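Let the hints inform the model, and build the full structure from the sequences given.
Letter by letter, the chains look like this.
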Amino acid sequence: MSALTFRYEVPGDDFTRAGEASSDVKRKLKQLGYSPEAVRKVAIAMYEGEINMVIHAGGGEAVVEMDPEEIRVTLRDQGPGIPDVEKAMQKGWSTAPDTVRNLGFGAGMGLPNIKKYTDELRIETEVGVGTTLYMKVFA
Amino acid sequence: MKKEKKQVRDLAEFLQAECLVQGDLDREIQTGYVCDLLSWAMARLPEGAAWMTVMGNLNAVAVCSLKDGACIVLTDNAPLDKNAESRAETEGICILRVEQGAYETALRLGEWLREEEK
Ligand SMILES: Nc1ncnc2c1ncn2[C@@H]1O[C@H](COP(=O)(O)OP(=O)(O)O)[C@@H](O)[C@H]1O
Ligand SMILES: [Mg+2]
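If you read the sequences in order, they're chains P and D.
When we follow our numbering, the leftmost residue of the first sequence carries the number 902, and every step to the right adds one.
When we follow our numbering, the leftmost residue of the second sequence carries the number 433, and every step to the right adds one.
Hints listed in this document are in silico derivations from the structure and should not be mistaken for laboratory results.
Here the structure is a predicted model, which is why all the values come from computation and not from measurement.
Every residue gets a Cβ at the ideal spot worked out from N, C-alpha and C, and that includes glycine.
It is possible that part of the hints are untrue.
Straight-line distance between alpha carbons at most 20 Å, and here's what the computed EDC-like set of lysine to aspartate or glutamate pairs gives [what the hints assert, rightly or not]:
1) P:K931 to D:E536
2) P:K931 to D:E460
3) P:K931 to D:E479
4) P:K992 to D:D456
5) P:K929 to D:E521
6) P:K929 to D:E460
7) D:K437 to D:D500
8) P:K1037 to P:E971
9) P:K1017 to D:D500
10) P:K931 to D:D468
11) P:K931 to D:E523
12) P:K931 to P:E970
13) D:K514 to P:E921
14) D:K514 to P:D915
15) P:K929 to D:E523
16) P:K1017 to D:E479
Listed next, with one range per pair, are the computed distances between beta-carbon atoms [said to hold, decoys possible]:
17) D:D513 to P:R928: 41 to 49 Å
18) P:T1000 to D:K514: 18 to 26 Å
19) D:Q454 to P:G993: 35 to 43 Å
20) P:T906 to D:G524: 21 to 29 Å
Below, the structure is given as structure tokens:
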């Protein structure tokens, strides 16, 4: 069976619009009858990824593929890349500026959270080129 | 006859809270959560929680919606951003506001949750 595919632009300059794509995906998954657990996992992981693209990478693109067995989310940006992924994956590690912290973000919990809520996670990143997150959640 | 469910509308009444956005007033409240750090709430806000916070911004609404929180209770009379208000309306998230701080409000929530159990 071929997957249902959805594409979203995540605007880089507009923090207030971050989360629109994940909210839309959440709604769609619900309507398609995926389990509440799977819906929740995808929504949370994708939102964290979306926020990261806005804060750290000047925006990017999200592609979501919905299969009967699994949901795949790909988040691709042309931002600065992550020099040390292992460090970035640690809870509390963050380079977020104060403007972002004042909004309540930038606690360094995003990537650990994505790891926690996905069944598979792969990060491809190159300094000066960009970052791509491949996430998978089993239905 | 006594209702079994503890709903957002009942909490609003009990707290004598100002209702800034009605959202889903029938939503059941199972527990509470106090936190102002959105990243943290993103990781830990329990489903069905009345979330007590001073963060009245758009991202707080998004977090509550994505985590299936029951409602947001703005404590200490914290302000609600205009765009957060319209987002909450779209997402069906109820936003209440009280004068007391998070500690006082959480105590009363706890009292209310237990009281109705009997
Ligand atoms: N898409 C991205 N592009 C560049 N850097 C990123 C990206 N995502 C995460 N990072 C880096 O990894 C760090 C940790 O990310 P995260 O755990 O989400 O915490 P936070 O976003 O709160 O800083 C960030 O502070 C940032 O330095
Ligand atoms: Mg983050």
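Right, here's what the structure says about each hint:
1. For the given pair, P:K931 sits about 36 Å from D:E536 by alpha-carbon distance, which is inconsistent with the 20 Å threshold.
2. For the hint pairing P:K931 with D:E460, the CA-to-CA distance comes to about 19 Å; that is within 20 Å, so the pair holds.
3. A distance of roughly 16 Å separates the Cα atoms of P:K931 and D:E479; the hinted pair therefore holds under the 20 Å criterion.
4. For the suggested pair P:K992 and D:D456, the alpha carbons sit about 34 Å apart, so the restraint of at most 20 Å is broken.
5. For a cut-off of 20 Å, the pair hint linking P:K929 to D:E521 stands: about 19 Å separates their Cα positions.
6. Proposed proximity of P:K929 and D:E460 is contradicted: the alpha carbons are some 23 Å apart, above 20 Å.
7. As the CA atoms of D:K437 and D:D500 are separated by approximately 17 Å, the hinted pair is consistent with the 20 Å bound.
8. For the suggested pair P:K1037 and P:E971, the alpha carbons sit about 7 Å apart, so the restraint of at most 20 Å is met.
9. Among the hinted pairs, P:K1017 with D:D500 is consistent with the structure: their alpha-carbon atoms are about 17 Å apart, no more than 20 Å.
10. For the given pair, P:K931 sits about 28 Å from D:D468 by alpha-carbon distance, which is inconsistent with the 20 Å threshold.
11. With a C-alpha separation of about 14 Å, the suggested pair P:K931 and D:E523 falls inside the 20 Å cut-off, and the hint holds.
12. Restraint check: the Cα-Cα separation between P:K931 and P:E970 comes to about 15 Å, which is no more than 20 Å; the hinted pair holds.
13. Under the criterion of a C-alpha separation no larger than 20 Å, the hint pairing D:K514 with P:E921 is consistent with the structure, at around 17 Å.
14. Only pairs whose Cα atoms come within 20 Å are accepted, and D:K514 paired with P:D915 is accepted, the gap being roughly 16 Å.
15. Between P:K929 and D:E523 the CA atoms are separated by roughly 14 Å; this keeps the pair inside 20 Å, and the hint holds.
16. Annotation: proposed proximity of P:K1017 to D:E479 holds, straight-line Cα distance about 17 Å (limit 20 Å).
17. Evaluation of the 41 to 49 Å hint for D:D513 and P:R928 yields a failure: the beta carbon distance comes to about 23 Å.
18. In this structure, P:T1000 and D:K514 meet the distance hint of 18 to 26 Å, their C-beta atoms being roughly 19 Å apart.
19. With their beta carbons about 37 Å apart, D:Q454 and P:G993 fall inside the hinted range of 35 to 43 Å.
20. Between P:T906 and D:G524 the beta carbons are some 27 Å apart, a value that agrees with the proposed interval 21 to 29 Å.
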